[in-house]
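Got chain B sorted already, so can you dock chain A onto it with the hints?
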Amino acid sequence: DIQVTQSPSSLSASVGERVTITCRASQSIPIYLNWYQHKPGKAPKLLIYDGSKLQSGVPSRFSGSASGTEVTLTISSLQPEDCGTYFCQQSYSTPLTFGGGTTVEI
Amino acid sequence: QVRLVQSGAEVKKPGASVKVSCKVSGYSLSKFSIHWVRHVPGKGLEWVGGFDPKNGETIFGQNFQGRVTMTGNKSTDTWYMDLTSLRSEDTAVYYCATDRAGLAAVSGWLLTFEFWGQGSLVTVSS
Chain B
1 DIQVTQSPSS LSASVGERVT ITCRASQSIP IYLNWYQHKP GKAPKLLIYD
51 GSKLQSGVPS RFSGSASGTE VTLTISSLQP EDCGTYFCQQ SYSTPLTFGG
101 GTTVEI
Chain A
1 QVRLVQSGAE VKKPGASVKV SCKVSGYSLS KFSIHWVRHV PGKGLEWVGG
51 FDPKNGETIF GQNFQGRVTM TGNKSTDTWY MDLTSLRSED TAVYYCATDR
101 AGLAAVSGWL LTFEFWGQGS LVTVSS
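As they're listed, the protein sequences go chains B and A. For the first sequence, our numbering assigns the number 1 to the initial residue and increments by one for each residue that follows. For the second sequence, our numbering assigns the number 1 to the initial residue and increments by one for each residue that follows.
So that you can see chain B by itself, here it is in the shape it has in the complex (with noise of 0.2 Å):
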């Protein structure tokens, strides 16, 4: 199986901050990653597919960019809500796996 590990497991930034967020396959898969917010309460949204593919519809301070076995989610200004749990996806391999996530908080 893939394992995926994501970092930080949370953390508090300001609005306007820049924010990043990484997870690391345990092959080297960086196309076959995505990403999702999700927020208590409601179903988790799509934002990046396929390492950097922005979802339609979802703002593009949200990117997504990959380097060797690492992908990172970049917020270039946060937003109050965009405050929420964020994980990573790989879409590689059955069984489907995510990293543990990064909760964000304002």
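Calculated directly from the structure, the hints in this document are not laboratory data. Heads up, a few of these hints could be off.
[What the hints assert, rightly or not] DMTMM-like mimics (lysine to aspartate or glutamate), calculated; alpha carbons at most 20 Å apart, straight line:
(1) B:LYS42 to A:GLU46
(2) A:LYS43 to B:GLU17
(3) A:LYS13 to A:GLU89
(4) B:LYS45 to A:GLU46
(5) A:LYS23 to A:GLU89
(6) B:LYS42 to A:GLU10
(7) A:LYS43 to B:ASP1
(8) A:LYS31 to A:GLU57
(9) B:LYS39 to B:GLU105
(10) A:LYS31 to A:ASP77
(11) B:LYS39 to A:GLU46
Chain A alone, transformed into the frame defined by chain B:
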């Protein structure tokens, strides 16, 4: 617009079974393969498995083969997940989610969760 509406919360005893439903609107059930993902309180997300209603193919997460059945009813555009032999560790919010291959109009799986239901809380307690 794709909308997924799931069934309500359930409370079950250990050893029992639970059936969670997920109704799609906006598109026909046949358009999408569906995944089931759960969120255990205080823990991360765990993939349960996937079902392709076009050919009946199912794929399973590591801990679920033999315990989960996934089906679809084309006449009502509703998917179902049956989980048997419930134990306390199965207490979680269960989500259905479409595979991105549906709207991308590609065959097979892209293994990316595009649209999600609102979640169904399953509590297993004696």
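Violated hints - listed by number, lowest first: Violated hints: 2, 5; rest satisfied.
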